[in-house]
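S.K.: We have chain A already, so just place chain B on it with the hints.
Listed in order, the protein sequences are those of chains A and B.
Counting from 1 along the first sequence, just add 948 to a position and that's the residue number in our numbering.
Counting from 1 along the second sequence, just add 948 to a position and that's the residue number in our numbering.
Which residues of chain A face chain B? A few of them, derived with a C-beta cut under 8 Å, are: (1) Lys1210; (2) Tyr1220; (3) His1227; (4) Ile1228; (5) Ile1285.
It is worth saying that the hints were derived from the structure and are not from the lab.
Backbone N, C-alpha and C define an ideal beta-carbon position, used for all residues, glycine too.
Protein chains: 2
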Amino acid sequence: MGLDDLIYQNTEWLKGTGPQSNIVISSRIRLARNVEKLPFSHWADEQKEKEILVLVQPAIQSSNYLKNMLFLKLSDLSRLDKQFLLERHLISREHAEGKNSKAVVISEKEIISIMINEEDHLRVQVLQSGFNFTEAWRLISKIDEEIQATLNFAFSSRWGYLTACPTNVGTGMRASVMLHLPALVMTKQISRVLQALDKLSVAARGLYGEGTEALGNFFQFSNQITLGHTEEDLIDNVERVVKQIVTHETEARRVLMNQNKKRVSDRIWRSYGTLKNAHIISSSETINLLSMVRLGVDMGIIKNIDRAKINKLFIFSQPAHLQKMENKILTPMQRDIKRADLLRKELGGKDV
Amino acid sequence: MGLDDLIYQNTEWLKGTGPQSNIVISSRIRLARNVEKLPFSHWADEQKEKEILVLVQPAIQSSNYLKNMLFLKLSDLSRLDKQFLLERHLISREHAEGKNSKAVVISEKEIISIMINEEDHLRVQVLQSGFNFTEAWRLISKIDEEIQATLNFAFSSRWGYLTACPTNVGTGMRASVMLHLPALVMTKQISRVLQALDKLSVAARGLYGEGTEALGNFFQFSNQITLGHTEEDLIDNVERVVKQIVTHETEARRVLMNQNKKRVSDRIWRSYGTLKNAHIISSSETINLLSMVRLGVDMGIIKNIDRAKINKLFIFSQPAHLQKMENKILTPMQRDIKRADLLRKELGGKDV
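Next up, chain A with everything else stripped away, as it sits in the complex (with noise of 0.2 Å):
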């Protein structure tokens, strides 16, 4: 399997299937692990860097979870690669900009993956569908356990994991979930639900991680802290969090449609049509109107749609994903005809 074997591969996270996956896309559990007795990445020198991927590679493929899995040295990669491992949040934009010996571990499905010098020696990340930390943390533990067999992490009996920022001392561990809020955005209710978070210890972000906008909706929710308490624990409270705001966005649908739906089914379906028709259209524009259309499906008012097309949507109209379909570097203009081109014929638009 090569990088473009990735392109059209059956995703995991994106079949939009797992538990309350109307509301909920993604779950997602990382650990950020360092080799004990080697400088953490951002202080290593080339050489240094060099022999964390050596020492680290091995310890990996021992893994029994990640015997088919593709391993990239990311200076092997194009700027375009790069950005498309982004788009598919398989890296971090720091890692994708970084130098020196940088690798990504992709297994299967996308389900695990693991950054290799990103800010720490070791991000190991694994994605279910739907709202599904049980099986991200059985299936992430095991392969922690598998790879630490062969290594030693750096880990203080007071601390826990040493990592290279502080935020992540203790468990490592980054618990997150994406959510499509739009009914809590739309009733202005989304401030009100995000400034709640703070004192229940949970961080919101953007679609692409921290300091990234709130695009099409999209709202991701993880652990503030790391330490002190189990990795169970940390996640229970996440879990506990996104349940209460699961319900509120339940809530909210349930308002629109019993008192706006004309107004909300117009709004669905004229981003629809837009969608269906539209000959030149930017990346932002359609992130908006697929959030809308994908409001349209999980309410039931678009039938002949599933999310698996959707979530496909979202992902294949970005920048780099279009243009590894076209298998060339297109400028701005192109993109946004070619972007055009994929969702008229996607979404059965007879017309071109």
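M.R.: Using the frame of chain A, we list chain B on its own:
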């Protein structure tokens, strides 16, 4: 035939088939005539206005061209019916709002209509599809001749026909065309075109005549003077100027197709997508979007819709038409919903 039969009748000027009907919607000639020795309608009291009506009705009915005409006294009509006739371009706003013995005569297919006791005793108009003054003039001359066989019109050998407003004295004739000029608007050439008209003795107006807005890129052009020239010369002049405007619009469309085809197609198809999918839509948004769809049809970008359908939607999406079809008074919000229902149905949107 009653007023309600007009709704679905085969209106001649909506056929969209006349000469140059890709740009010229319709050609219209109207004659202002007053019976001699009677005061102009504005100066006539209730009794006098009635007298005028009683006098002109048999004269009109004696015309061979008006045999199966519909004769409607405005005082017998509801507000809605009058609004309906206004939307159909069969009466003017002033006529609809006036009191006393006002009436309108409408021929089959709405080719000929006569307002009685509008500004003048008679306002005879002939409407043709496309660019066709020849037929309009041939027909209106015959009708004028026939009516004059029975009635004596106020006429001065020096000035010609006498009319209530001095701007109509002489021929009493207004020859006008309704043009669709989206490309001149999109390429920002329209104001230059409109400015040049003054010197050419041609007046420009909006969709519903004097003082109305140029909604949907529709413009009416007509002769500015009625005096000192023969009817044929006045018509020739309007025809000559309109031919030039049509040439400019044609050229502007060609340039758009060559230089901006993608952008224009995008705008056209988005308009189509919105019309086909909206669930709430205002009258003015509809007119502006239909204008783009009509441009798409006329430029060969949209192939599965014909002009007659677009023309029909322009008229039937208006407030009084919607209410006549429903046979009841609707609130603005109810109309916006019914309008969207009509557009989705007529444009073949499957999803409701």
